[in-house]
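Between the sequences and the hints, there should be enough to build the whole structure, so can you do that?
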Amino acid sequence: MAVRQEEFVLNMGPQHPSTHGVFRIVLTLDGETVVKADPVPGYLHRGIEKLAEARTYTQVIPYTDRLDYLASMLMNWGYVQAVEKLMGIEVPLRAEYIRVIVGELARIASHLVATGAMASDLGGLTGFLYTFRDREEILDLFEMVCGSRLTASYMRIGGVAKDLPEGFVPKAKEFLKKFTLSLAEYNGLITGNEIFQRRTKNVGILSAEKAVDMSLSGPVLRASGVGHDLRKVRPYSIYPQFEFEVPLRTNGDCFDRYYLRVLEMAESVKIIEQALASLPEGPVMAKIPRIIKPPAGEVYTEIESSKGIMGVYIVSDGSPKPYRVHFRRPSFINLGYLAEMVRGWKVADVVAILGSLDIVLGEVDC
Amino acid sequence: MFGKGLLKGMKITMVRFFKPKETVQYPEVRLPLPDRFLGKPEFYYDKCIACNQCVAACPNNVITLKTETVEKKKIVTQYYFDQQYCLFCGLCAEACPKDALKFTKDFELTQYKRQDIKLKFVNPEQVAKKKAEVLQAALEKQAAQEKQAAQEKQASADKQIASEKQAAGNEAAAGVC
Chain A
11 MAVRQEEFVL
21 NMGPQHPSTH
31 GVFRIVLTLD
41 GETVVKADPV
51 PGYLHRGIEK
61 LAEARTYTQV
71 IPYTDRLDYL
81 ASMLMNWGYV
91 QAVEKLMGIE
101 VPLRAEYIRV
111 IVGELARIAS
121 HLVATGAMAS
131 DLGGLTGFLY
141 TFRDREEILD
151 LFEMVCGSRL
161 TASYMRIGGV
171 AKDLPEGFVP
181 KAKEFLKKFT
191 LSLAEYNGLI
201 TGNEIFQRRT
211 KNVGILSAEK
221 AVDMSLSGPV
231 LRASGVGHDL
241 RKVRPYSIYP
251 QFEFEVPLRT
261 NGDCFDRYYL
271 RVLEMAESVK
281 IIEQALASLP
291 EGPVMAKIPR
301 IIKPPAGEVY
311 TEIESSKGIM
321 GVYIVSDGSP
331 KPYRVHFRRP
341 SFINLGYLAE
351 MVRGWKVADV
361 VAILGSLDIV
371 LGEVDC
Chain B
7 MFGKGLLKGM
17 KITMVRFFKP
27 KETVQYPEVR
37 LPLPDRFLGK
47 PEFYYDKCIA
57 CNQCVAACPN
67 NVITLKTETV
77 EKKKIVTQYY
87 FDQQYCLFCG
97 LCAEACPKDA
107 LKFTKDFELT
117 QYKRQDIKLK
127 FVNPEQVAKK
137 KAEVLQAALE
147 KQAAQEKQAA
157 QEKQASADKQ
167 IASEKQAAGN
177 EAAAGVC
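As you go down the protein sequences, you meet chains A and B in turn.
Residues in the first sequence are numbered consecutively from 11, following our numbering.
Residues in the second sequence are numbered consecutively from 7, following our numbering.
None of these hints come from the bench; they were simulated from the model.
Since the structure is predicted, the reported quantities are computational estimates derived from the model, not experimental observations.
No false leads were mixed into what you were given.
Chain A regions said to be covered by chain B (calculated; three or more residues, Cβ under 8 angstroms): (1) 67 to 73; (2) 151 to 161; (3) 167 to 175; (4) 190 to 200.
Keeping only pairs whose Cα atoms sit at most 25 angstroms apart, straight-line, the calculated SDA-like set for lysine to any residue is: (5) B:Lys46 <-> A:Arg159; (6) A:Lys242 <-> A:Val309; (7) B:Lys111 <-> A:Asp150; (8) B:Lys10 <-> A:Ala194; (9) B:Lys53 <-> B:Lys72; (10) B:Lys17 <-> A:Arg145; (11) B:Lys126 <-> B:Val140; (12) B:Lys147 <-> B:Ala134; (13) B:Lys72 <-> A:Thr66; (14) B:Lys14 <-> A:Leu186; (15) A:Lys187 <-> B:Leu37; (16) A:Lys172 <-> B:Cys92; (17) A:Lys172 <-> B:Lys46; (18) B:Lys111 <-> A:Arg145; (19) A:Lys172 <-> B:Phe49; (20) A:Lys95 <-> A:Thr66.
Derived DEER-like restraints, expressed as beta-carbon distance ranges: (21) A:Glu184 <-> B:Phe24: 21 to 29 angstroms; (22) A:Lys211 <-> B:Thr116: 42 to 50 angstroms; (23) A:Gly307 <-> B:Asp122: 43 to 51 angstroms; (24) A:Tyr53 <-> B:Thr116: 20 to 28 angstroms.
Glycine included, every Cβ here is placed at the ideal spot set by N, Cα and C.
Structure (structure tokens):
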């Protein structure tokens with residue numbers, strides 16, 4: 011009797027812990043090898059872009075928190091920067107410093123989730139607990155600044171909502187001192203782990219050409235050897251004042267994408283240390299009209315979020331509500347190459363590849 | 007050597023094992039919350055001037071405010087805060103010019119019944135008291151005005167008499183000259 015052989019369809023998600031949210035991939039398998047992958051996003055779609063059309067410019071800010079909820083400060087920043095450019099508002103220097111401080115803290119928090127989740131996806135729950143222990147301290151700092159841990163809504167058009175509270179600067183400095191030691195811990199626990207290395211090295215290789223072709227950005231792009239970081243390439247805010255490097259890795263495999271984030275966290279620490287040392291006094295809000303009514307026109311601005319290039323496109327018709335808002339969400343665009351990337355790899359590698367891309371479904375589905 | 011990295015990782019966890027715990031036993035032990043914490047909202051009826059700015063600031067139409075005009079003064083008769091739709095962004099408290107709306111540190115917002123989620127801040131006694139106060143104030147104001155008017159009238163009458171007297175005196179003096 012002949013053995014009947016056929017392809018097997020496996021639904022991964024939408025409620026799979028390793029998809030980092032409600033994301034579904036329909037995998038067609040030949041044995042354990044992926045023949046075809048069909049990503050199905052959209053389970054967390056709330057229509058934020060459409061909701062924004064019925065809100066005033068300030069009222070959109072809490073909704074941007076819900077894009078990439080792991081780095082809501084950066085999402086706020088991307089949006090308010092676009093409105094400021096549209097209205098031609100000059101942000102006070104202290105506000106810019108505060109934005110850099112909280113923005114880089116958010117980047118560290120986001121990378122900590124990516125690092126820890128990558129470890130736990132591959133079976134090492136210990137690493138996850140260690141990164142979340144330190145992320146908690148960043149969230150405590152955010153809570154001090156704006157009253158919320160995740161959905162910050164801290165930035166306003168023309169500055170930030172409130173000045174830094176008393177005790178923030180010493181607490182942040184203390185955290186940074188501890189965090190440098192923690193990074194060594196992650197390297198010992200996760201990076202140096204042979205099992206982790208075997209699961210990730212030379213898995214899901216992404217070539218530099220393909221990454222550029224697919225307009226991928228952020229750590230995913232830089233791990234393939236393309237040194238493209240908006241903070242250096244097209245500097246915004248006050249980033250030119252700080253000394254930092256853009257870490258690069260050249261293999262473009264899962265391990266490089268993971269390790270690049272660890273290296274980036276160390277760079278973010280450097281930026282925050284410099285910003286805290288030279289924090290100027292002054293107002294935290296520019297003088298803005300009571301009702302925000304940008305002139306008719308359109309604007310597109312970008313920032314380097316923790317996942318890649320976060321772009322905001324606003325069309326204004328001169329009324330107090332935006333005519334159209336569009337967000338270029340880096341997770342969504344980075345996800346565009348997933349189907350191609352996982353083809354030919356085993357089911358277990360799909361988890362590693364998806365974890366190394368570091369997607370957040372709030373941002374993917376928007 | 008294969009396994010060296012594993013041992014290094016185990017050493018880290020072993021060192022960690024003998025350090026104090028990071029977590030706390032939640033319901034009994036609670037971590038301190040910062041002053042800016044956005045928990046359950048609180049409304050101060052007496053401070054509110056019914057300007058409707060919180061209603062306009064809310065991105066999600068959480069707040070409903072009903073007013074009544076008594077003696078040309080707006081009085082808040084109802085203030086609903088539909089907490090289930092709240093984003094806890096704090097824009098309403100930021101918009102309030104009188105600090106009548108504040109977010110407390112209470113974060114345990116679970117309720118047994120759905121209708122309890124919607125917060126009703128104003129009770130009828132408060133409204134009745136406020137109305138009485140406004141009426142009283144209006145009456146007092148009116149009385150004061152009447153009194154003042156009467157006084158002014160008296161004063162002007164006195165003044166007139168005085169000026170007439172003076173005029174008469176002046177005329178007399180002129181006659182003497």
